[in-house]
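Engineer: Construct the entire structure; sequences and hints are all you get.
2 protein chains.
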Amino acid sequence: MTETRKRRGRSARREARINAPIVHRPSLVMNLPVYDILDDERVELIHETAMTILEETGCEFREAESLALWRDAGADVSDQRVRIPRELLMSLIAQVPEEWEYHARNPERNARVGGRNMIFGPAYGTSTVVDLEGVRRRATQADLETLIKLGQTIPIYQYNGGYNVEPQDVPVAHRHLHMIQASVKYSDKPFMGGVISRNAAEDSIEMARIVHGADFVDNNVVMAGIFNCNSPLVWDGTMLEGMRIYAAANQCMLCSPFVLYGASTPVHVVGGTAQLIAEALAGMAMTQIVRPGAPAVLGLAPMGVSMKSGAPTFGSPEVALMMYITGQMARYYKVPWRSSGTKTGSQSPDLYAGYDSILKTYPAILGQCNWTTHCGGTMEGSLALNLAKIPLDAEQIENLYVMARGLDFDDLGQVLDDIKEVGPGGHFLGTDHTRTHPPFLADLQDNERYETWVATGSKDAEARGREGFKKLLARYEDDKPILDPAIDEELRAFVARREQEIPAKIVA
Amino acid sequence: MTETRKRRGRSARREARINAPIVHRPSLVMNLPVYDILDDERVELIHETAMTILEETGCEFREAESLALWRDAGADVSDQRVRIPRELLMSLIAQVPEEWEYHARNPERNARVGGRNMIFGPAYGTSTVVDLEGVRRRATQADLETLIKLGQTIPIYQYNGGYNVEPQDVPVAHRHLHMIQASVKYSDKPFMGGVISRNAAEDSIEMARIVHGADFVDNNVVMAGIFNCNSPLVWDGTMLEGMRIYAAANQCMLCSPFVLYGASTPVHVVGGTAQLIAEALAGMAMTQIVRPGAPAVLGLAPMGVSMKSGAPTFGSPEVALMMYITGQMARYYKVPWRSSGTKTGSQSPDLYAGYDSILKTYPAILGQCNWTTHCGGTMEGSLALNLAKIPLDAEQIENLYVMARGLDFDDLGQVLDDIKEVGPGGHFLGTDHTRTHPPFLADLQDNERYETWVATGSKDAEARGREGFKKLLARYEDDKPILDPAIDEELRAFVARREQEIPAKIVA
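Read top to bottom, the protein sequences are chains A and B.
Take any residue in the first sequence, note its place counting from 1, add 531, and you have its number in my numbering.
Take any residue in the second sequence, note its place counting from 1, add 531, and you have its number in my numbering.
Rather than coming from a laboratory, the hints here were simulated on the basis of the structure.
Errors might be hidden in some of the hints.
Pairs involving identical chains hold if they fit within one copy or between any two copies, as the list cannot separate such chains.
[Said to hold, decoys possible] Lysine-lysine pairs mimicking DSSO-like chemistry, simulated, CA-CA at most 27 Å apart:
no.: 1; residue 1: K990; residue 2: K839
no.: 2; residue 1: K1001; residue 2: K716
no.: 3; residue 1: K1001; residue 2: K839
no.: 4; residue 1: K839; residue 2: K1002
Structural biologist: Shown next, in the form of structure tokens:
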């Protein structure tokens, strides 16, 4: 199909559809001040603490190749323990790119990462869903595909795809294949790649090359993987292998300590954050030995831990403070920062889930988090995804996005005239300015009078979220992204071949 | 009863009780930076806009005595319209005290208002409750008394009492009597006074004098009233009369534009906030003509309005921005700022209620709001109070309180040693520091595993809130504040006499 014919077909569908087109939000650039909570002296103190941890305690790298890289680079390697002199570490971190373009297969969906830019995307990594019938069950590949379609329609997701859920009906060793295939087919936004094995990492890169061309991928970022460090201070072999593969291919690595504050860190916000920053920097630094300038991201998305249940917590004051500190330290190191958004420890989408979701997200916004994962639906301390909560959460991210765009001082003269004209005791509902500048109102908000609310079915947020989910999917059907049939076919062939080559039974 | 005998009786009860004593939180002093979103130039621009509004459009004062005060002070009075030259306005605002003590009948419960101090208190003014059985019904005097007892036990409420609900079983004209009597009897925290009529204002002052002594009241703040301005730019007669009575008696006036952003202001965050600041300043300035140095507060607690339903909204980006601006302008004028906390437009305590509650409260915290009303239970755009939501909300205020106390850099050396000792792959659950510094955990949070949660009854936040409410009331019974029987009797007699004197049937 030629480009012209494709366009014509698309615009014909556009004319026929009922729903308004989706207005995609670009990467957010804050127009409010970033909320820095540390003075310069304390920034230096936290830096000093992180450096001391890496110099004196060091970090374990549980992979021979990574240890060899560190040895050659001049670190003090003893067994698996790597102690990194600060000069070496900082010279490597200085090579991490501060800002770059995250390329989509549709260039209009490109996103900007780092510097003052902020992007948002879907949940990641749960194997349980609460579906639109309210049934809590294992996630499937069909769920994943539906979620990728949904993410395509959510205006605030600048990237999409990845392991939104872990499909339990696909063998672990094959999941990355179907995940990437679906991410590319059902969405034209930048996507996430597989990381949990050498196959997953290598195949992800190969599939990205099929979509974008090998040269393009070598010179541009089109994919990102989340690589977890096991706090405290352990990078395991699988992650390191994946990071070496991504770094060599110039694709993005979110170097993310998996942290329960108080269990895998001391119960000390400053000391604990310094430790996590040390871990993340150590991982990022290694990627720069592999390929200087590879897109590494300081991936600190802290969770707390309940000393009562041992389960993760998200809305706690300590988590918020850690996030504000991390953002400021990332700016100090001039590297992008990744964190997470609307997560909750709640088991149902209740009042507490709402508290947690905003408490967790607010520091990502005011702390200018460059990359916020998990912007919809994550429940039970990351173990389950509530589908109804996704559109609700996404609207709240949009709410904060609008806030972060800050103040408009235009039209102040006009507004003063309106105040004079309306005068004491009047109202502004009829002014031209009001008609042309409606305030932000989330679609799924309902603040009708109680009686009206009851008369229309007493729909709580969860009920409205289910409806919102279905509406977004309907919009998707009206405005599907088109994938070049040749690429579609090549991906299909690649997946089929790799399914034959990779035994389904091996773990990962 | 002598002071010694009282103490002995109290300590005997303390020994007998099961529950841990309540640890009351003092006024919060932020140890995080205040989040100022305006540069100096924009602060001046907003000031300039507010001054222009008062000079050119002016404000209506719908009371003859207030108009006479303004005329004598040198304002331009035409009909009920008062145009106030900026020099006059600012010379009056300069007399508003920046910081003062809010006295309780128990001096240990005194609170500090203004400057860097922040206080929090209960909901205000709804006539409907959703009770602990989930029944939505008219509020009663019994509800009010229960709420005042509850507020006494909530650690984060530095003041208490007032029209937590409007008891529908007490005649409007007598409500203030029973409200203040209950506020004093069931709580020893600073309380709120009546405002809705001359009787309400005068009787409130009289009752305060019974509790604290006339001289003390003349020289110290023991009570506060919320006085609403009808935006745009109208102060009505009842409010003005009340303000004159409170000002003359040196009691606190929260001068609070009642605002629906977009209806009673232009849809322009900067212009709208300038208008509201102008209104509040005009009211505050008038109180200073009555009595220079009377404790007036800039009472701006903005609400939005849904252009769909016409109902108020709380979690919107515009409301948040207005709050940040207002806090900064209050600091510019060196006057305390009052706003509101955990409000929502939701009709049920659902996910959305949680979003709204935090979105509305966060700017009060980071914007260093000196006085946050409505820190528990307010629903339906202020029309109903959900009792189960109160303890949950109050815990979230405490959560943000702990965050605002900021970072602790002590023990950093110890913590570094712990990291070295625990080393890569270990955990910190067993360190001395962890045992002695547990992270903040809200009592009503439940993030047990899903299976455990189901096995213990699938209690959502609302269900846990009901239990929390009952637990707090049980603590109240263990730790009741004692009221001097002579004062108790004098208040009783006053209430009885005034009930005879004030016809129950007149409005207000």
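Engineer: Does each hint hold? Answer for all of them.
Structural biologist: Evaluated hints:
no.	hint	verdict
1	K990 - K839	between (34 Å within a copy, 17 Å between copies)
2	K1001 - K716	within (20 Å within a copy, 54 Å between copies)
3	K1001 - K839	between (38 Å within a copy, 21 Å between copies)
4	K839 - K1002	between (40 Å within a copy, 19 Å between copies)
Against the hints set out earlier in the document, no violation occurs for any number.
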